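Residues per chain, in single letters:
2 protein chains.
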Amino acid sequence: MSKSARFIDYFLSHRKVTNELTAKIDRKDYTYKPTPSSMEAQKLVKHIFESTYMFASLANHQEPVPLFNEEDEANLTEQASTYTEKTIEMIQQLSDEDFQQKIDVSKIFGKELSVSELLHTAVDHEIHHKGNLFVYVREMGHTDLPLYVNTN
Amino acid sequence: MSKSARFIDYFLSHRKVTNELTAKIDRKDYTYKPTPSSMEAQKLVKHIFESTYMFASLANHQEPVPLFNEEDEANLTEQASTYTEKTIEMIQQLSDEDFQQKIDVSKIFGKELSVSELLHTAVDHEIHHKGNLFVYVREMGHTDLPLYVNTN
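Chains A and B, in that order, give the protein sequences. Number 144 in my numbering belongs to position 28 of the first sequence; there are no gaps in the numbering. Number 126 in my numbering belongs to position 10 of the second sequence; there are no gaps in the numbering.
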């Protein structure tokens, strides 16, 4: 199994859960936030999708481009599907050798990271915000929630 | 740098944040929970500490033993300090070769994992619940929160 295939499995074990939570958010709850200083649910979900895609793009030496505009009417489930597909495409392009290559992300992290480190940082960031999202979705009234990771 | 030293740095980049959030929880908020079906703050924090220590023990072929009893009066900050120290001690005992060894955690995960995979699963689990905890602590009235990861 190639490193990219193995990493995609790992990424999906968390992304499937992000998408499952996203599907539970009614449009009326898009602007829900637990406290005045919290991120709105819609922004939190978009931030997860955009960030992971951005890190995967950087791992491929590509300029990250948002796939949807702020004004786009697309619902979050549609964005979940597009971002997941495009993120997988980015990771699929990486060879086993690429995973050891250094990427200059010093503007973001203050240092170079290997592609492998950068991709793991991307998933750590997603797990963190998905952890936030679990509380949001429970507060929206959902009690039948998935496990935090799905390895099926 | 040994694999265990590198892993301890990575573990601490998240544990320092867990401990920072824990220190913000007043004793009056130990039983706080965002919804009736949520875990209480105190239980959530203990669950993080106990789980990571349990996984690090299993990685060392040791039976996990809780370091505090349910009835213990010890405050969460004291538990944070003890669990962090003991978890580091567990990881320090692992040689570079140990990281590739298989551990039978099939009762928990349905399959064997390498020590490296098991330790990474432990930190992923902590990042997830720390992500929950960020929302709890903000709801307790704190707005000056750390970043989700601390690499200093």
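No lab work stands behind these hints: they were computed from the structure. Treat the hints with care, as some may be off.
Copies of the same chain look alike in the list, so a pair counts if it works inside one copy or between any two.
Think about it this way: if two alpha-carbon atoms lie no more than 30 Å apart in a straight line, the pair counts; the simulated DSSO-like pairs of lysine-lysine are [said to hold, decoys possible]: (1) K227 - K119; (2) K140 - K218; (3) K119 - K144; (4) K132 - K202; (5) K202 - K218; (6) K149 - K227; (7) K227 - K144; (8) K202 - K159; (9) K202 - K149; (10) K119 - K149; (11) K140 - K119; (12) K223 - K144; (13) K159 - K149; (14) K144 - K202; (15) K223 - K202.
Only a predicted model underlies this, so the values are computations on that prediction, with no experimental measurement involved.
> What label fits K227 with K119 when the C-alpha limit is 30 Å: within, between, both, or neither?
Replying inline: Both ways: K227 and K119 sit 23 Å apart in one copy and 20 Å across, limit 30 Å.
>> Within, between, both or neither: how does the pair K202, K149 come out at a Cα-Cα threshold of 30 Å?
In response: within (28 Å within a copy, 37 Å between copies)
>> Within a copy, between copies, both or neither: which one fits K140 and K218 at a CA-CA cutoff of 30 Å?
In response: This pair counts as neither: shortest intra-copy Cα distance 38 Å, inter-copy 38 Å.
>> At most 30 Å between alpha carbons: which applies to K159 and K149, within, between, both or neither?
In response: both (10 Å within a copy, 24 Å between copies)
> When no copy is named, should K132 and K202 be tagged within, between, both, or neither for a Cα gap of at most 30 Å?
Replying inline: within (14 Å within a copy, 34 Å between copies)
>> One pair to classify: K227 and K144, alpha carbons no more than 30 Å apart. Within, between, both, or neither?
In response: The answer is neither: 41 Å in one copy and 41 Å across copies each exceed 30 Å.
> Quick one: K223 to K202, C-alpha cut-off 30 Å, is that within a copy, between copies, both, or neither?
Replying inline: within (24 Å within a copy, 35 Å between copies)
> Between the shortest in-copy and the shortest cross-copy C-alpha distance, which are at most 30 Å for K202 and K159: within, between, both, or neither?
Replying inline: within (19 Å within a copy, 38 Å between copies)
> Should K119 paired with K149 be assigned to within, between, both, or neither, using CA atoms and 30 Å as the limit?
Replying inline: neither (38 Å within a copy, 40 Å between copies)
>> Regarding K202 and K218, is the shortest C-alpha distance of 30 Å or less found within a copy, between copies, in both, or in neither?
In response: within (22 Å within a copy, 34 Å between copies)
>> I want to check one pair: K119 and K144. Are their C-alpha atoms no more than 30 Å apart within a copy, between two copies, both, or neither?
In response: Neither: 41 Å inside a copy, 48 Å across copies.
> Is it within, between, both, or neither for K144 and K202, if the alpha carbons may be no more than 30 Å apart?
Replying inline: within (27 Å within a copy, 46 Å between copies)
Checked against the numbered hints above, the structure breaks hints 2, 3, 6, 7, 10, 11, 12 and satisfies the rest.
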